[in-house]
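Colleague: Now for the letters of each chain:
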Amino acid sequence: MTEILDSTAAIGRPLRRKEDAKLLHGRTNWTDNIQLPGTLHMALVRSPMAHARITKVDLSGALAQPNVVAAYDAASLGDLNAGVPCVWPVTDDTVMPPFPALTGDKVRHVGDVVALVLATDAASAEDAIAHVDVEYEPLDAVINMVDAVSPGSELVHGDAANNTCYVYDLGGGYEDALAKHPDAVVVKRRFVNQRLVPAFMEPRAIVAAPMGMSEEITIWSATQVPHILRVLLTLVTGIPEQNLRVIAPDVGGGFGGKLQCYREEILCTQLAKKLGRPVKWTETRSEDMVATHHGRDQIQDIELACTPDGKMIGLKVDLLANMGGYLQIITPGIPLLGMFMYPAIYKMDAYQFQCTGVFTNTTPTDAYRGAGRPEATYAIERIVDEMAAELGMEPMAFRTKNWIQHHEFPFTTVAGLTYDTGNYEAATAKAMEMFGYEELRAEQKARRESGDPVQLGIGISTFTEMCGLAPSRTLGALKYAAGGWEHCTIRLLPTGKVELVTGTSPHGQGHETAWSQIAGDILGIPVDDIDVIHSDTGRAPYGMDTYGSRSLAVGGQAIKRAADRLIENARPIAAHQLECAADDLEFANGSFTVKGDPEKTVTLGALAWAAFSAHDLPEGVEPMINGEATVDPEDFSYPHGTHLAAMEVDTETGKVRVRKYVCVDDVGNQINPMIVEGQVHGGVAQGIGQALYEGVEYDEDGNMLTASLADYLIPSAADLPSFETGTTVTPSTTHSLGTKGVGEAGAIASTPAIINGIVDALRPMGVNDVLMPASPQNVWRAIQAAKGGAA
Amino acid sequence: MIPAKFDYVRPSTVDEAVAALAAGGDDAKVLGGGQSLMPVLRLRLGEPSVVIDTTRIDEMKGITDSGTAIVIGAGTTHDEVTKSALVRDHVALLAAATETVADRQIRHRGTMGGAMAHADPAGDQPPVALALDASFTIAGPGGRRTVPASEFFVDYFTTAVGPDEVLVSVTFPKYTGWGAHYEKFNRTAQAWAIVGASAAVRMDGGAIAEARIGLTNMGPGPVRASAVEAALIGASSLDAIAAAAEQAAEGTSPNADIHADVEYREHLARVLTRRAVAKAAGLA
Ligand SMILES: Cc1cc2nc3c(=O)[nH]c(=O)nc-3n(C[C@H](O)[C@H](O)[C@H](O)COP(=O)(O)OP(=O)(O)OC[C@H]3O[C@@H](n4cnc5c(N)ncnc54)[C@H](O)[C@@H]3O)c2cc1C
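Quick mapping for you: the protein sequence lines, in order, are chains U and G.
Under the numbering used here, the first residue of the first sequence is numbered 1306, with each subsequent residue one higher.
Under the numbering used here, the first residue of the second sequence is numbered 1050, with each subsequent residue one higher.
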């Protein structure tokens, strides 16, 4: 645990989070708490079937229920039935089927929305949906991706032959490289990166309200992306952008699941405008499980080739990526965010990648903590262990032999990314030391020799990732519709206090504290005198929001530049007051001082009032002092680290225990180490969730078998060890604060560490893979299969 | 999630509760701690017309010593059961199983009567009641009757308690001095059991003189592993216990679900029974 300080010093210190007192005392403003007079409550008629033609929708029964004001199906909603947008067609011929807010022809997954009811209270709306009469003509449900792409399969969308949304072929001369090495050792594996539910704590909630006599509609939504949502809502509804204001009040987690323009957001907005009344919707957990987008769900065919002495030659990746029943905001692009990361930290001659996007009758997939990169990291770190075993090499030694060494940076990988910095040796050495690597290997040996029913395995994950997606030019080249910049405005108020307006949209990350630390340090103003304004397009008009570990990596640079500009804007006023040339001033600790004359000094606070009263400003200088910046970073950021897991496996029952978890992350300079540690902890827990507990299961008809949190298991503190975290600091050279992203690192790194640990424990029994989640049954089955194979 | 509308009554005696049930007709429901009933209502898997809250009926609360047995009021919470010296001293296996139920919050609300009347095959306490020959006092329009555990659990979520009846108390014979252990196998700390094995043994001169074994989630209701109980008599070594435990899955009919198929459940029943007995006997 980092020591927590209550000091006013800023960057690099583990200050207590300003936002926590409010959160911990329940003085929060969740969207569901918003109660406006005249509100209509929306309830949705969701499909109980995965795939069926809708033959009849009769709303009359619902309309006759008490307190019901209106009910709609696709036909009666008419022109207002706008489509859910997808902004990332990854190829020129990506099939982009319509995704109307209310479906009219067919239902394409359990939870698809057929109709809606509006009532004056939530209970009446919920009661009334049972009275909407919908008739379905069932169709074969397309659930399994391998079946889906087989000829003759039922089609989810008529225009997507073989249920194929796209085939993305990066090419890459793997076969050619292999041909040059007749003695190459090749390992092939099929990994299944299972489907996950984001499972944030606060379910989605929306209130859309016409604002009095004006044309404005204000939308409060539990979203990560108020700015993106506003642009998309205007594009899909046609309501002029200047008339939409989107506010994300306190938001209880997102993990990518609230990075979306959801059909419910579209419906509330449209209906508020049409009916002239506030419209509110709060999802239940049961709805969330089927209606909030899911993550992951890829079948990964991976092939790694090495020379017999353990030098990597090339990597071939062929993916089936499940899109689900429709495309949401960036559904097709998620696997491509991983495309660049398969070669990870390793040097090799060739890399080949292909991905097929597949429609199925399942909930749409999209971003979930790491989005594409956890899948890639899982595959490479797993296959690296399998190759080491094949070659008879110690898995860490095999990694060391192939990774980019610290003196080789900047390094352009075979996937075409240029990593600015990294020091895998340092992070690994520190992690191994903290872990007691050699002692644990000795214990493992002893347990093997004694035939202990509880075996020990050591799981390694030496990962890197790309985050803080930008520059915008690169995103454009990938056919992603938006940019990757971020904005900040810093206003010096007349009394010397500061308003910092950011375009990031925190939902648990602690931006209010960290952003204050950055600006406070640069401006020499106490952290508590800085108010961070965010997540409201009315008060913070420019921004690209929070996802992809971008907020500090990108937004932090905007804060720095804005603060630097504010100082420059104040400088002429200081020079005027101190009767010197602007160049003769130096700025430190919140004051301008004449060089060589420490007596002649003026604080920013004093200048603030002068700029406000404007009684005596130099010629040509405008009143008020502020600084504004919109930064489009030079490159992605590349945090990295080494995660080590000691896994105990009860070979009798298949139950595993994470005995020890050590990770050393290098996220460059740290603004607030306590927040960094918190991000790592949460991410590691989620990654362990994927490895051991979580996984959506469908039956063959497309019913979700894990549709409640009693069946979809999420680990709690009681299930996890106390993580031992450490850091190394290799500042980024492409980011002005030397920082890198940290939001997703833990979730990306931990999953393969856990599975590698389990496989390592069982390898002498002949086990070389285990399905995720590595439930006791899956582990036991792997052991039984290996036993059977040996016999 | 919002339940469908229902009426609510809160009687203060058992007789009033029985009368309210009679008045409420077929779809009246008794409410104990609400930890199983409330999810059913919220998910609209059940839509009773009236809910009869029994949590203010004094007679249904508390734990008493009748001399030869411990009587636990149906409205006694799991938390009270785990903390009761009477239970710990004389029915240690029940305390051990109850401690593993869900989490602290749920144990403060959920009740002995609710857990038994609900009769979830994955419930931790019903197999204990079955193995320890508990008996159930049930009140209805015709007065009170007592039903042995062997007749109480009928099928999935079905017991001998009729729709017009209230479970008043559960009586456990004393097992003073017996060794006890509950081996619960689940995936996360507060999850239901995939399989559970409860074992109580009376040791005599280093060997097992008597054994009681109950299994969780190995059939439509709690299962008593009678063959293992018989085979354990005289066992004084881990090997002997292991040999007896091999019969644990005999006569069971577990379900398959996403956590475990039938074969795996049968395997777990054997391993867990062995471990539970070994610990109860003080041999592991
Ligand atoms: C998240 C979660 C996890 C859980 N995990 C476990 C677990 O690991 N192991 C486990 O064993 N249990 C578990 N439970 C269930 C818990 O033990 C409940 O307390 C128990 O099943 C029901 O008890 P209750 O008093 O809450 O009953 P209620 O929910 O009030 O009632 C349950 C049923 O019993 C009937 N009933 C209640 N009292 C009486 C009575 N006196 N006479 C007649 N009928 C009555 C009701 O009508 C209803 O049908 C869990 C519950 C939850 C919510």
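Because the hints were derived from the structure by calculation, they are not lab data.
Keep in mind that this is a model prediction, so the values were computed, not measured.
Glycine included, each C-beta is placed from N, C-alpha and C at the ideal position.
A hint or two may mislead.
Taking lysine-lysine pairs in the DSS-like style, the calculated list, with each CA pair at most 30 Å apart, reads [unchecked claim]:
#	chain 1	residue 1	chain 2	residue 2
1	U	Lys1361	U	Lys1323
2	U	Lys1706	U	Lys1735
3	U	Lys2092	G	Lys1328
4	G	Lys1132	U	Lys1750
5	U	Lys1784	U	Lys1802
6	U	Lys1493	U	Lys2092
7	G	Lys1328	U	Lys1965
8	U	Lys1735	U	Lys1802
9	U	Lys1485	U	Lys1706
10	U	Lys1361	G	Lys1054
11	G	Lys1054	G	Lys1132
12	U	Lys1323	U	Lys1802
Looking from chain U toward chain G, a few residues come up when the C-beta cut is under 7 Å (computed) [what the hints assert, rightly or not]:
#	residue
13	Ala1428
14	Ser1429
15	Glu1431
16	Glu1957
17	Thr1958
18	Glu2002
19	Leu2010
20	Leu2018
21	Ala2023
22	Asp2024
23	Gln2082
Colleague: All hints, please: hold or fail.
Modeller: Going through the hints against the structure:
1. Distance check on the hinted pair: U/Lys1361 and U/Lys1323 sit about 54 Å apart at the alpha-carbon level, beyond 30 Å; violated.
2. Taking the CA atoms of U/Lys1706 and U/Lys1735, the gap is near 18 Å; set against the 30 Å cutoff, the hint holds.
3. Between the alpha carbons of U/Lys2092 and G/Lys1328 the distance comes to roughly 29 Å, so the proposed pair stays at or under 30 Å and holds.
4. A distance of roughly 43 Å separates the Cα atoms of G/Lys1132 and U/Lys1750; the hinted pair therefore is violated under the 30 Å criterion.
5. Distance check on the hinted pair: U/Lys1784 and U/Lys1802 sit about 42 Å apart at the alpha-carbon level, beyond 30 Å; violated.
6. A distance of roughly 22 Å separates the Cα atoms of U/Lys1493 and U/Lys2092; the hinted pair therefore holds under the 30 Å criterion.
7. Taken as a hint, the G/Lys1328 and U/Lys1965 pair is honoured in the structure, with Cα atoms around 26 Å apart against an allowance of 30 Å.
8. Distance check on the hinted pair: U/Lys1735 and U/Lys1802 sit about 42 Å apart at the alpha-carbon level, beyond 30 Å; violated.
9. Between U/Lys1485 and U/Lys1706 the CA atoms are separated by roughly 20 Å; this keeps the pair inside 30 Å, and the hint holds.
10. Note on U/Lys1361 and G/Lys1054: the hinted pairing holds, with a Cα-Cα distance of about 28 Å set against a maximum of 30 Å.
11. Distance restraint check for G/Lys1054 and G/Lys1132: the Cα-Cα separation of roughly 37 Å exceeds the 30 Å cut-off, and the hinted pair is therefore not satisfied.
12. Annotation: proposed proximity of U/Lys1323 to U/Lys1802 holds, straight-line Cα distance about 16 Å (limit 30 Å).
13. Below 7 Å, beta-carbon pairs count as interface contacts, and U/Ala1428 has one with chain G at about 5 Å; its hint therefore holds.
14. Restraint check, U/Ser1429 versus chain G: the minimum CB separation of about 9 Å is more than 7 Å; hint violated.
15. At its closest, the beta carbon of U/Glu1431 sits 5 Å from a beta carbon of chain G; the interface hint therefore holds under the 7 Å criterion.
16. Hint status for U/Glu1957 relative to chain G: holds, with the closest Cβ pair at about 5 Å, below 7 Å.
17. Among the interface hints, the one on U/Thr1958 holds; its C-beta lies about 6 Å from the nearest C-beta in chain G, closer than the 7 Å criterion.
18. For U/Glu2002, the interface hint holds, since its Cβ comes within 7 Å of a Cβ in chain G; the closest pair sits about 5 Å apart.
19. With its C-beta approaching chain G no nearer than about 5 Å, U/Leu2010 sits inside the 7 Å limit, and its interface hint holds.
20. Taking 7 Å as the C-beta cut-off, the interface hint given for U/Leu2018 holds, the closest approach to chain G being about 5 Å.
21. Because the closest C-beta pair between U/Ala2023 and chain G is about 4 Å apart, less than 7 Å, the hint holds.
22. With a cut of 7 Å, the hint placing U/Asp2024 at the interface with chain G holds, because the nearest CB-to-CB distance is about 5 Å.
23. Because the closest C-beta pair between U/Gln2082 and chain G is about 5 Å apart, less than 7 Å, the hint holds.
Against the hints set out earlier in the document, violations occur for numbers 1, 4, 5, 8, 11 and 14.
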